[in-house]
Structures are given as C-alpha cells and as structure tokens.
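Going by this note's numbering, the final residue of the sequence shown carries number 236, and the count climbs one at a time with no gaps.
No wet-lab data here; the hints were simulated from the structure. Hints may be right or wrong, so weigh each one.
Below, in silico cross-link-like pairs of lysine-lysine (DSS-like), each with a Cα-Cα straight-line distance of 27 Å or less [unchecked claim]:
| no. | residue 1 | residue 2 |
| --- | --- | --- |
| 1 | Lys-139 | Lys-191 |
| 2 | Lys-171 | Lys-153 |
| 3 | Lys-193 | Lys-139 |
| 4 | Lys-153 | Lys-230 |
| 5 | Lys-171 | Lys-230 |
| 6 | Lys-230 | Lys-191 |
| 7 | Lys-193 | Lys-171 |
| 8 | Lys-139 | Lys-153 |
| 9 | Lys-191 | Lys-171 |
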Amino acid sequence: MDKDFEILNVKDVSEVKRLVNQYALFIGDQNVGIKIYLGADGFYQMSTSHYYRGKDKAGVYITSAANFNSEHEALTNAIRQLTMFYDGEGEWRKNEDFNI
C-alpha cells in the first residue's frame, strides 16, 4: 500500500481508489468516457460512461471482469465492453455511476 492510500486508511473511509487515467472517445456518433482506477489492493479497475445494447440483444453488455493487473488490461477490457456488441443499430445507455 503506498503512502497516499495509508493516509486515507481511516475508520470512516472505505473503498479508496485513485483515478489514474481517463479517456474521451467517439464510437459511432456517441461520445463515451473511460476511467481507469488503481485500488488500494493494487488492482486496476475501469468504468465506462455508457453501456451498449446491440439491436438484437436483450440487454446492455457489462463485463463481469472487475480487477486487472495493469492499466493496459483495464483499458482493453473497457474498450471490449463498449464495442463487443456494437452494431450501430442498437442503443446506448448512460452509466449513472460514472461521475465519481
């Protein structure tokens, strides 16, 4: 655990993570964002501003992968989540938890 995480390791604080990078990009006409975090446990996590539901899919695709060994791996999984079922004919749904 690095010193910053140690400083934040107090009784009333939980689930500390550091924003290490963020990206803005377009997929088709949709502006989307990606945030990459480093958790106090040493694993990277990712969050996307939107989820995509392909035209013939029942729901949006959200990966079950949660922790990654590198920033690169987290970014790769974020892109995969955004584009795996992208067909240009489905719909984007906003991730309401993305603002943090």
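Results of checking the hints against the structure:
1. Lys-139 - Lys-191: This hinted pair is violated, its Cα atoms lying about 47 Å apart.
2. Lys-171 - Lys-153: Status holds; Cα separation ~12 Å.
3. Lys-193 - Lys-139: violated, 45 Å
4. Lys-153 - Lys-230: Between Lys-153 and Lys-230 the Cα gap is close to 22 Å, so the pair holds against 27 Å.
5. Lys-171 - Lys-230: Holds: Lys-171 and Lys-230 sit about 14 Å apart, inside 27 Å.
6. Lys-230 - Lys-191: Between Lys-230 and Lys-191 the Cα gap is close to 17 Å, so the pair holds against 27 Å.
7. Lys-193 - Lys-171: Distance ~25 Å between Lys-193 and Lys-171 Cα, so the pair holds.
8. Lys-139 - Lys-153: OK: Lys-139 and Lys-153 at ~13 Å, within 27 Å.
9. Lys-191 - Lys-171: Judged against 27 Å, a Cα distance of about 26 Å means the pair holds.
Of the numbered hints stated above, those contradicted by the structure are hints 1, 3, listed in ascending order.
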